Each structure stands twice: as structure tokens, then as C-alpha cells.
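Keeping the supplied structure of chain A fixed, place chains B, C and D with the ligands upon it in accordance with the hints.
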Amino acid sequence: MAARVKIELSGGLEIIFGNAKEYTAQVPSGASGKVTVLDVMLYARDHLLTERPELFMKGNSVRPGILVLVNDVDWELTGELQTEVADGDSVVFISTLHGG
Amino acid sequence: MAARVKIELSGGLEIIFGNAKEYTAQVPSGASGKVTVLDVMLYARDHLLTERPELFMKGNSVRPGILVLVNDVDWELTGELQTEVADGDSVVFISTLHGG
Amino acid sequence: MLSEVVRLRAEIERYSRQIVLPAFGVEAQAKLCGAAVLVVGAGGLGSPAALYLAAAGVGRLGIVDCDAVERSNLHRQVIHSEAAVGGHKALSAAAACRAVNSSIQVEAHCCRLAPGNALELVRGYDAVVDASDNAFTRYLLSDACAVARRPLMSGAALGTDGHLTVYCLGDDGPCHRCLFPEAPRPEACGRCSDAGVLGPVPGIIGTLQAMEAVKVVTGVGRPLSRRLLMLDALQGRMHTVKLRAKMVGCVACSAAATITSASLASYDYAAFTGAQPNDA
Amino acid sequence: MLSEVVRLRAEIERYSRQIVLPAFGVEAQAKLCGAAVLVVGAGGLGSPAALYLAAAGVGRLGIVDCDAVERSNLHRQVIHSEAAVGGHKALSAAAACRAVNSSIQVEAHCCRLAPGNALELVRGYDAVVDASDNAFTRYLLSDACAVARRPLMSGAALGTDGHLTVYCLGDDGPCHRCLFPEAPRPEACGRCSDAGVLGPVPGIIGTLQAMEAVKVVTGVGRPLSRRLLMLDALQGRMHTVKLRAKMVGCVACSAAATITSASLASYDYAAFTGAQPNDA
Ligand SMILES: [Zn+2]
Ligand SMILES: [Zn+2]
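Protein chains in written order, with numbering that gives the first Met the number 0: chain A, 0 to 99; chain B, 0 to 99; chain C, 0 to 279; chain D, 0 to 279.
This is chain A alone, in the form it adopts within the complex:
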């Protein structure tokens, strides 16, 4: 199984993703047979990230300071890494900004 997902990077995170803010990718399912945000994150790391992976992930999740949105909703409300995604869903990784 796989899902066609829109992956967006913002808040400066696009810099380590080849300076592109938006990708559409066919993300294959993980061990569970379903496609989850975990699978999207790993796909982004393995196929879209171009440099400095430590600015994207820490351990088995995103690094501190990154907010993840699934269809414009904070992933804390949808089930974090285990959130299931389907064709047409969007996953946004935003680096929080501190500048002023």
C-alpha cells in the first residue's frame, strides 16, 4: 500500500530540502501495512532531504522546534507519528521561528 501525499516544508526547513517548499510523493506503507506520518517523515528524510538530517530528525521523531500538521491540524490532535494518511492528504513540517 501507498499514499499520494503532499509534503510541505516551511519556516526555513525548506533549506535542507533542496530549497523546495512543496513535494508530492507516493509514500509506501510501513510495517503496519498502513501509511502513517512516521512513514511520511522517513520518506522525507530518505528521499527529499538533501543535507544536515540532524536539523530534521532527532531519534525517531522530528527534532525539537518542528511542528507537524496533518491536513492543517496539529499532529498532537491527530495521533502524532501514528496518524494515518491517505491519498490527497497533506503533511506540513514547520520549523518554529524566533526572529523579530
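Don't take each hint at face value.
Said to hold, decoys possible - Taking lysine-lysine and the DSSO-like style, the derived pairs with C-alpha atoms no more than 27 Å apart in a straight line are: (1) B/Lys5 with D/Lys241; (2) A/Lys20 with C/Lys241; (3) A/Lys20 with D/Lys241; (4) A/Lys5 with C/Lys241; (5) B/Lys57 with B/Lys5; (6) B/Lys57 with C/Lys241.
Claimed, not checked - Short derived list, chain B residues pointing at chain C, Cβ under 7 Å: (7) Pro63; (8) Val72; (9) Gly98.
Since the hints were made in silico from the structure, they are not lab data.
Given the structure is predicted, the values throughout are model-derived calculations rather than measurements.
Even for Gly, the Cβ is constructed at its ideal location relative to N, Cα and C.
Same frame as chain A, but now just chains B, C and D with the ligands:
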């Protein structure tokens, strides 16, 4: 036939619609058997408008200065009054602003 | 170009945070420093539009306004201080812009935009900001920009709502008449002076107008042509919708235009809009 | 209340365009004139935030900044003129606010927000605007607002992007730590001074912060609590996304908080964020 449509008013137009910016309505189809933006407009005039209909319509269309959006797209691109709408679609009537 | 580079070097510290930005850089800054922008209206929209354009480094900035600063302007027209009440808005705004950036050229036009002077004013600049507050001026300015082929950053604010779009940009960008070929009746047009406006609302839209002008004159980013940004400040809602292209047969901007360089000055905007530019 | 009404009458002309607005009116204006707001940072965000709050009529406005105005600030920090370069930012900003509205009380705090003074500063006001530019200050200010139960309008801008949300509002509004319990590594945090920022971007966000502060202190409209507004100025894209509620077990804002009125002053923000408030 009928369609469950979100009807939004903005740019001050809400004032003649009971001061509400958003309605969800079951809009019945017109003569063609399909539900069009014309039917939505007539429904809004007959069921939602509370005063001064001349500030909403002129002749058989919206008055000059009102922009109509169907699912966030200018109705000029979708077929104006004849645009078909279905369950879940949104129709927005915006009065253009001149203030500064 | 050489003089531009020299001037830019002298100002390198001032603009260093924009020059260091990969998406902008020295090239865009040089274009901005070489560009001329006209802001029509030094009120709620024009205050931040002019101030941010001056600060960011537009080379030449024109400000058109024939009114005097009133006390009832101060809650939103932050470019004017209390001390400016009673004085010309264009002069007060120009002085504030010069205080922020003395390295740019600031031109105050203490006159009303009229059919007789609109084309000449617009032609003196590369891009135009519509920060006016009435239908008469909005149609006139859009027509002048259509005829002179100048991109127009059109913002509007009323109550707690705001709108923003870019007219007359490129081959397919519509003008104000493409969207609204017939003028609304005067009683359907609220103005700030009668309908009221919450201070920060024109502030948000006016600053966005400055941003769009920077994008347009530098060629950086995607301007809001064929798109309309809608702000509902009370709901904290902002979104962008898709607009039509230039309309075939538009009287102002199409191949079949009847409003031309020759005819614009004698077009009767008062009859068309049913209003005067100074109508309350 | 009577004195408020009297003061308001004297200012009726100044605020007439807000008073006439049905969604705002005399009641909201009276609340605004009776409210006190603290703006932390008189830079890119603080410039429009302070200016629009002063103009709209917030009764008492505090401005905290320990830095001096630099030439490289001028492209975006429009509250400061060239003449202010070298002087205190807090004093320069306060003077500009007083020039726009002498009827309000403006308090300049020429100090750095620190664990030792944050609670006292925040407690002196009804609502707070985070217009700072570093992670150290952002965590500290959020903690102080969580402890003191003050709503915090948090804005940020970098490059051509901006973010805005309201923290610590009501029963379910999260704080900065609810969203980001662990601080990012310093190398992941750009600051304007190194990464660059396009001038109007903090202008847009700062003006929106003023708008949110007006909404929060007057009770008018729906503040951006549990929502995040994201601005992509280059794309002309702005949209709002849904955020979590307060987190159970948050060390700053939950019933189980370990950061308290007593402990905040000794919390080691430098160790937690790996940075100093003045880090470049
Ligand atoms: Zn046209
Ligand atoms: Zn918390």
C-alpha cells in the same frame, strides 16, 4: 434535487443578512433540475436576506460591486450564474471595499 | 547602473539584512533602490505602505494626497503625529519617510488624483499603490494604470475587513474594471469616514501592499495577480482566492479599450460612479 | 469607570472611526483605553505593534528593550528614525508612540527581559506582545505569562516567513512549552541579524499582533488561541491552522507546573535553550 451549500457573506454584505457571515443551507434545484449559483442567489435573497434587497441584487444577478466565489474561485471562471453546485460546496458573496 | 552600485555600497549596512537573505540578495536590493513607486493616499493604507517602502529602500517614492491631517485620522494613520494635525498629509508622510531613510528620493504631491493629472503622475513611476478611500479614485487610478501599463497594488479596508490584489500586471492580470465593469451605487460603498474602521486593519493591508510592491519591482516572489487576499480580522481569518484573467472587451485594459491615453482625461468618473472623490 | 468615560469623551474625535464601528463601539474603546499592554522588543515586530496599539488607544503601553538602534535595523524597524541611531530603542519607540498619541501612558523599560524581572514586568500589564528575536526570551516570556496568567500575542518573522499565535489565553490556550516542550538547538534557530529578513514581513506580523492584543483586551472577535497563522510573503500565501490545547503535564502552564512564581527567577534559560538572549 437539492444541495447542502455553505453560503458566506463578506465585505459588509453580512449587514443585510442579519449580521451573520455564514449560513449552511439546503438549496433546492431550479427549473433545470440541477442546483446552480442562480438558485443559491435566489435562496439567499428569499430566505437569508433581512433588508434592502437592492444592495444584493440588480435585475437577475448580483448588484455591481459584488464578487461571487464558488469554492474560492471567481465565478467568472466557473460559469457565473449557471455554475452547478453540489453538497459541500461553498458560495461566497463579497462586497468590494473602497475604504482606506 | 554604476552609480546605483556606488549608492548601494554606501547603504550596504542599512540593507544588510535584506542583502543577506538568499531569496532577495544584492540583486533584488539594487532593483528596489532603482525603482520608483507612487502611493496614492496617505491615510490608513498609505501610512504603512509608504513607511515600509521607504524603509526597505525603494529609490524614489511619490505620495499623493490633497487632504489635511485630522484628529480622527490618528487612530490608524500612524505616519502622522499629533503635531501634523492641520498640515498636508502628503507633506507629513513625506517628512516621516525621509526621517526613516534620507538616502531615497521622496516626492510629495499635494493634489487630488484627477482625470487631468492621473496619467502623468502614474507614468512618472514604475509601480503604483492604491491607498485611496473612494470608488471615484479607485476606477480612475486603475484606468490610468491600465493605460500606462503600470502594476497597481490595490488594497482596501473597512470595519474589520480588508482586501488586497494586484491589478494590471503582465499579460493576463486584470484591472479593476475587469472585475467590476459597472460601478456600485454610492450607497453600497462604505468609506472609513462614515462606516468606521479598526486601526490595525488598514495597517495590515497597507503593509501587505508594500510587500507586493517590493515583489513586483524586484521580480522576487509571486505577486497577488489574479488572486485576492481577504482578511477578516475579527475571526483571525485570512485567505486567498482565485480571480479571473483580463476580460476580453474590457473598456480599460483590453485590445478593444475605449479608455485611452487620449480619452482618459475627459472621462466622467463622477457620472460613472455617481460620486465625487471627496464624497463622505 | 466615570473617569474613563470623561477621558473617553475628550478623545471622542480621535477614536470616532472605531466608536462608530458596530462591531467595536464605545464599550470596546473604553475597555481598550482602560487596558495596559506590554510589548517586549522594539524591533521589527515591536515597531508596528507598539505604534498601532498607541494609535488605537490602549490606555497604558509598556515597551521593553535594552538595545540601541542600529543602522541595520532601519529597513524594517519603522518606529525608529535615522536620528535615533545610537539611542535606546525603548526610548525611541516610546517617543514615537507619544507623538502619535499623547493621551495614553507610555512606559519605556530600558532593560533586558530576564528571569529576575520578567514576572514583575508582565504582572504590571493586562496582556503581553512577544516581539523578541531569540529562543531564550521567547521561553522566558511564555513562562512568565503562564505563571502570571497573562495572554501573550506571539509573533515571529524570518526571511520571508512569519508566524502568529496567542498563548496562555483562557482555560485551554496552550503556552509556548505546550507546543515546544524541548528547545531547538541554537543552530536550528535563525535570527534576523544573521539569517536576514525582508522589511515588510515583521511589519505584517507585528501589526497583526497589535490587532490580536486589541481583540484580547476588549473581548471583541475571536483571538488566535489554539490557532497558528502562517505567512509566506513570497507566495502571497497566508493561512491559519489548528493547534493543540494546553498539554497535561506542561511544566509551565498545567496543574503540575514546576515553573512557578517562586522558581521562575532561578530557572536556567541559557542551559535550557543553549543560548543567551543576546546571541547572534
Ligand atoms: Zn480590464
Ligand atoms: Zn504549557
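Structure-based check of each hint:
1. B/Lys5 with D/Lys241: 21 Å, holds
2. A/Lys20 with C/Lys241: 21 Å, holds
3. A/Lys20 with D/Lys241: Cα-Cα ~20 Å, so holds.
4. A/Lys5 with C/Lys241: 20 Å, holds
5. B/Lys57 with B/Lys5: This hinted pair holds, its Cα atoms lying about 22 Å apart.
6. B/Lys57 with C/Lys241: 24 Å, holds
7. Pro63: At 4 Å from the nearest chain C Cβ, proline 63 of chain B passes the 7 Å test, so the hint holds.
8. Val72: Given a least distance of 5 Å, the restraint on valine 72 of chain B holds.
9. Gly98: The hint holds - glycine 98 of chain B has a Cβ within 7 Å of chain C, the shortest such distance being about 4 Å.
Going through the hint list in order, the structure satisfies each hint without exception.
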